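Chains A and B, in that order, give the protein sequences.
Here the first sequence is numbered in the working numbering, starting from 1 and rising by one per residue.
Here the second sequence is numbered in the working numbering, starting from 1001 and rising by one per residue.
Since the hints were made in silico from the structure, they are not lab data.
Each statement offered as a hint is correct.
The following label-pair restraints were derived from C-beta to C-beta distances:
| no. | chain 1 | residue 1 | chain 2 | residue 2 | range |
| --- | --- | --- | --- | --- | --- |
| 1 | B | E1330 | A | N113 | 33 to 41 angstroms |
| 2 | B | E1415 | A | G401 | 14 to 22 angstroms |
| 3 | A | V210 | B | E1415 | 19 to 27 angstroms |
| 4 | B | E1310 | A | L85 | 53 to 61 angstroms |
| 5 | A | A203 | B | E1399 | 55 to 63 angstroms |
| 6 | B | M1427 | A | S360 | 49 to 57 angstroms |
| 7 | B | D1181 | A | G12 | 45 to 53 angstroms |
| 8 | A | K6 | B | V1295 | 34 to 42 angstroms |
| 9 | B | E1213 | A | R220 | 38 to 46 angstroms |
| 10 | A | Q122 | B | E1213 | 55 to 63 angstroms |
Derived DSS-like pairs (lysine-lysine); straight-line CA-CA distance at most 30 angstroms:
| no. | chain 1 | residue 1 | chain 2 | residue 2 |
| --- | --- | --- | --- | --- |
| 11 | B | K1139 | A | K91 |
| 12 | B | K1013 | A | K145 |
| 13 | A | K146 | B | K1013 |
| 14 | A | K138 | B | K1013 |
| 15 | A | K259 | B | K1405 |
Some chain A residues well away from chain B (every beta-carbon gap over 10 angstroms; in silico):
| no. | residue |
| --- | --- |
| 16 | K6 |
| 17 | I9 |
| 18 | M74 |
| 19 | N99 |
| 20 | G106 |
| 21 | T107 |
| 22 | L123 |
| 23 | P215 |
| 24 | Y297 |
| 25 | E315 |
| 26 | F317 |
| 27 | T354 |
| 28 | G397 |
| 29 | D418 |
Everything numeric in this text was worked out from a predicted model, so none of it was measured.
All C-beta atoms, glycine included, are put in the ideal place defined by N, C-alpha and C.
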Amino acid sequence: MKEFEKYQIAMGRLPEYITEAEAQIERYARFTVSRENGADGGGAYSDIAELFVRASGDSGTGMIYTQQTEMNAMEAIEAAYRNSLFSVGGKSESMNSGNGKYEVKGTAEEKSNEEMRAWAGQLEKSLYETGYRFANLKLELSRVKKVLAAVNSKGLDISSEYLMYQLSVQAAVDAGAAEKDIVSMEYDVSAENLEDITSEKVAGILNKEVRNHVPLLAPRSGIYEAVLDESVVSNMLLTIWKMFSAVNYINGTSVLSGKLGQRVAEAKISIADRVKSPYTGYVFEYDCQGSKGKDVYAVEDGIFTGLLHNISTGENFSCESTGNAGRNVTLSGTIQTDTVVTPKNFTLLPGEKTTQQLVSDIRDGIYINHSFDEFHGVDCTTGDFTIPCEGILIENGEVQGRINNVFMEGNLLDIFADITEIGSDMYTFPIKEIKSYTLTAPALKLRKIRLSM
Amino acid sequence: MLKKNEIEAVLEKALSRNGDFAELFFERTDELQISMDTGYVQGVKNVCICGAGLHLLDGVKSVYVYTNDISFRGLMTMAEKASELIGTGRQQILQRPKINLQGTLENTMMPVNVSNNQVKTGIKLMQEADSAVRNGRIKVQSMQITYFGTVQKVQIANSEGLFTGEERKFTRIRYIPVVGDGIRNQTRFADIYRPCGMDAFVTADEHIGFGLELVKDIDTMKNARTIKPCSVPVILEAGTGATFFHECVGHMLEAGSIANGKHVLYGDKLGKSIASPKVTLVDDATIPGALATSVIDDEGAPRRRNVLIENGILKNYLADRLGARMLGIEPNGCGRRQNYTFKPGSRMSNTWLMTGNDDEEEMVRDIDRGLYIKTVGGGQEGDPFSIEVQEAFWIEKGEITYPVKGVMITGNGIELMKKVDRVGRIMGKEDGAFCGMDSGLIPTTTNQPRIRLSEVNLG
Chain A
1 MKEFEKYQIA MGRLPEYITE AEAQIERYAR FTVSRENGAD GGGAYSDIAE
51 LFVRASGDSG TGMIYTQQTE MNAMEAIEAA YRNSLFSVGG KSESMNSGNG
101 KYEVKGTAEE KSNEEMRAWA GQLEKSLYET GYRFANLKLE LSRVKKVLAA
151 VNSKGLDISS EYLMYQLSVQ AAVDAGAAEK DIVSMEYDVS AENLEDITSE
201 KVAGILNKEV RNHVPLLAPR SGIYEAVLDE SVVSNMLLTI WKMFSAVNYI
251 NGTSVLSGKL GQRVAEAKIS IADRVKSPYT GYVFEYDCQG SKGKDVYAVE
301 DGIFTGLLHN ISTGENFSCE STGNAGRNVT LSGTIQTDTV VTPKNFTLLP
351 GEKTTQQLVS DIRDGIYINH SFDEFHGVDC TTGDFTIPCE GILIENGEVQ
401 GRINNVFMEG NLLDIFADIT EIGSDMYTFP IKEIKSYTLT APALKLRKIR
451 LSM
Chain B
1001 MLKKNEIEAV LEKALSRNGD FAELFFERTD ELQISMDTGY VQGVKNVCIC
1051 GAGLHLLDGV KSVYVYTNDI SFRGLMTMAE KASELIGTGR QQILQRPKIN
1101 LQGTLENTMM PVNVSNNQVK TGIKLMQEAD SAVRNGRIKV QSMQITYFGT
1151 VQKVQIANSE GLFTGEERKF TRIRYIPVVG DGIRNQTRFA DIYRPCGMDA
1201 FVTADEHIGF GLELVKDIDT MKNARTIKPC SVPVILEAGT GATFFHECVG
1251 HMLEAGSIAN GKHVLYGDKL GKSIASPKVT LVDDATIPGA LATSVIDDEG
1301 APRRRNVLIE NGILKNYLAD RLGARMLGIE PNGCGRRQNY TFKPGSRMSN
1351 TWLMTGNDDE EEMVRDIDRG LYIKTVGGGQ EGDPFSIEVQ EAFWIEKGEI
1401 TYPVKGVMIT GNGIELMKKV DRVGRIMGKE DGAFCGMDSG LIPTTTNQPR
1451 IRLSEVNLG
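Same shape as in the complex, but just chain B:
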């Protein structure tokens, strides 16, 4: 780990030709991975991600360099490369003010040791889930389970004197069951996450219930029917249903993608109505215990609660430092990246639809013909956006009936958000998932109460 004066020297070197801001992002991530295939422990692995990235800005011009040689010499070489890239065309070496980092930090680059007991506990958790699932009433051909126990330590120093850091812990178990009779099989993967160590699963049996529920859901869908194309009311169940808002509006409010012209739909809509008055959407990275919560973002800024849409009116964008400069707004703690090999970007965290006052049961009862969506999968942001429907049921005369397959939701975000005509009272919880964009795959959550869209075209 570099000394403070060495970090200052690297930042000064980076700014020696040009640029008005430099930031160093150090990361050490240690991860325990355990793989199990149908009851057999296939492999135990230790993963170590260790390196640094240097972000250099000159107005809205950006240079990003990174390396896993984190010696002083390695980082000075990196700073020289960054300086060359940002300083193209300039011959004169500028005189820069000396950088003074504020505060002190512990050495974040020390390894996290994994004990034998931790490995054994991880294996025990997986065996419990595997045994419960494969000894259940539903025929399971094979079951892959992977355990990930992750500790990410980050440290950020910048030319404005900021010197801060954070340790983040995650535990994740990924299930990939193959359900069926060996001739007609179905599979999909699902993850259960907790933003803490493995204790979350040791003290509760959630990992068992999660595996059983996944297998049950896959089995239910094996008898699903297709429906004819139609335009009907749609219920999105509490919990993951908020992926709808994540894809149809969340990504489109990321400052960087608005500024570079990738997403233009909401770029001129600040203060205007873009959704039903029932929609209040908040991106809140301060919710205790939520997967995407942290104290600082990956640029060292304090995380915040950002109200994006309030009663249907667009109130705010998600802004990292560069995206904010490009849009001419203030950054609001939304600079995130998968790891040091990615330049930070404007990203979502816990993007939740706030509860309303509508009765959950009445929403279904009131529908003559429609669709009840219990689980959605991933999707693609944009205009049009799209979302995969993983588990859905047809509604007939106010009753939820048979499972339906082959459904996706697509369309224009503003048009569909205007069609939200019911928002329930009970917030649903989901574990979270990975969201992928230019700054990598990051954990996010998308919670909501049960909602209804008055009319949706279904393929």
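This is chain A alone, in the form it adopts within the complex:
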């Protein structure tokens, strides 16, 4: 990146009182075309560069963040150093060492704006050809280019660039014989190549929503054999991943603290955090500390085998960072500058049966197909959860109807131990506010789950 060259030069000219310095630039360029109910729906375009500069002296480490990338490099480093002088009793943040320049570039083909428009139109046409009566259909197709580069006084000089495509769909279809019996859905998907963004998955989810739109029953409580839909499980991952963060593990706010190496789940369960995923277009070659991303098996065949580390938590465990240093973890309303631990492509690995097959195998039980607000309903310190949800009641192998305004309750460790089968259909949770990692899961069949009104 052109605006970064001045930092590469400045790192070799640091004054003596600055013991270490690092500059990192992240650039996002996004182009979006929109289709709305059969017509051109406008679109969006953006191109943003963000600069993070750290500098350490005898007192500690200071930092500045700016979007004014034209700022003089040495002035930016000096400003960060001046902030370090306020540190009291702390220690300097660790920085990565490097051995020369290293560049990574994705292989995806960059499609033109016209090709994007044509693809969005084709996706929309395919969805209309499903035969559903759409009350509303909105598609946003985006091309996202992300460039990350970091250089420091210890020889780190890396850059990675990748491209991906994202599709966001909002749809409402008239599903029943009754007038205005509307079923709504929202779905997001991402892929490295535009050709992998297809209408089939969207149509599949639409079919499922319509199929599950059965008559409403009165809510009820009880303990049921259950299938949790893949969307429900991926939503729960929004909190579950924190149980595998080394930060939470160390400060005792993970229910798994102290259990590394122990069995924490049924042997069928494996959870991985990957640099690349077959289910998303996100690639995490480097994290925000310039550490190379590594595939981590957090749970392997039910055994708790790995934690997600940044440099400082790795130092606690005498191991290297797993490339999980991130900044965007809580909803803060500002630019987050504290380096914490965040996942990459965090995935509960699939089994063999489709969700439909898992549900068909239930004789008496419940298929939880929607859940709400897991962000507030799960306590990763204790594992306790109370999640508002909606489900399909099954008796004698027959669908009885839909129940809503109920809660599923219990403890995550009990859920892990009660899993009898794992589905093969995968769902990636669409995180609107936090765009820096992904959470993907299959459906789970459980011996029991407690439902309450």
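Following the hints, complete the assembly by docking chain B onto the known chain A.
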């Protein structure tokens, strides 16, 4: 900073192919962040957010583009991109009337310098809070505190000639204590906000009391019991309890989400009864000293007091410019966004339930078995909506007894709002919180007097 004639040229360029309205939103936000971990100052950081967004409308078709290259050349490039997106299919360059911006503004893109004394004062405030909390009677394993001192300067120019701006100041301290004996720990975060500089904390010790109260609340809940599923009366304490109205009805009245079919529950209920006659809900961005108060919204429109529900009757929606066009109503000063990287949307500000005439003590005394909710956390809007209960106590024979955990409230907004059978006389105050939607995370407040719901299903 661009000259006025350059801004006019950018707007004209944006409208050169198509569209009937163009708006430029400039922002410069400077923020001081200080992090402290269990008494140690971990880092002092300066944050600078600086850029511009261009919103282009053609009827209800919308294009939003943004960049942090705010040079004339950078913004003309952005205008060209917007023009291409809105003008799809049109070959002919239209002749547009010349735009004349009214008035003059100072250069809003100048940096806000942070002095050493300000940093030292911020650190002193944090040390005071940290020391009081960790030397208190409750065992605290660790305590992270982050100080945010923010100055946001916005400037808005549009093709109707509007040229306006505002400077907004916020101070926030975030606390994340880990409370417990090291084996069984509890944690949660909480923020104290003030819509002004750090003086608010220098002249009063609220930051200390807030930290102590948070730790006490977390500690209280460590002995909380679970309750069996039941259907009982529920008291929502004055203050944050109004998050109930924010989630169950507030978001559903946002014009944009009604128009695009996301929320349909209240779309045809204007003038109809949707709540108990005791409910009068107002979204008022003009309340002096409230966190979400400002002079203009993020589209440059004057902020207003909008009565949403009056004595149970739905009176109004929250409307930004695009949402208003889509619903066929007038915008009412509710266009908000987190920063220039977000397209404005219809959003709440200070959404307060007005006081009633019921006795606060009688509400509890009158309950045989029920739940008293002291603090709620975040929630999710919709039908059903849900709210996390952070601190609650069981009521037995008119007395507040033991703490209760694992409770959430969910349901249909209209059904639950019809069950409001008591509204107290004393307005409670809370500091505010972030509310997240498509136009980003924005500060809001949700105040109310103590209220009672006659019957709620509790999980």
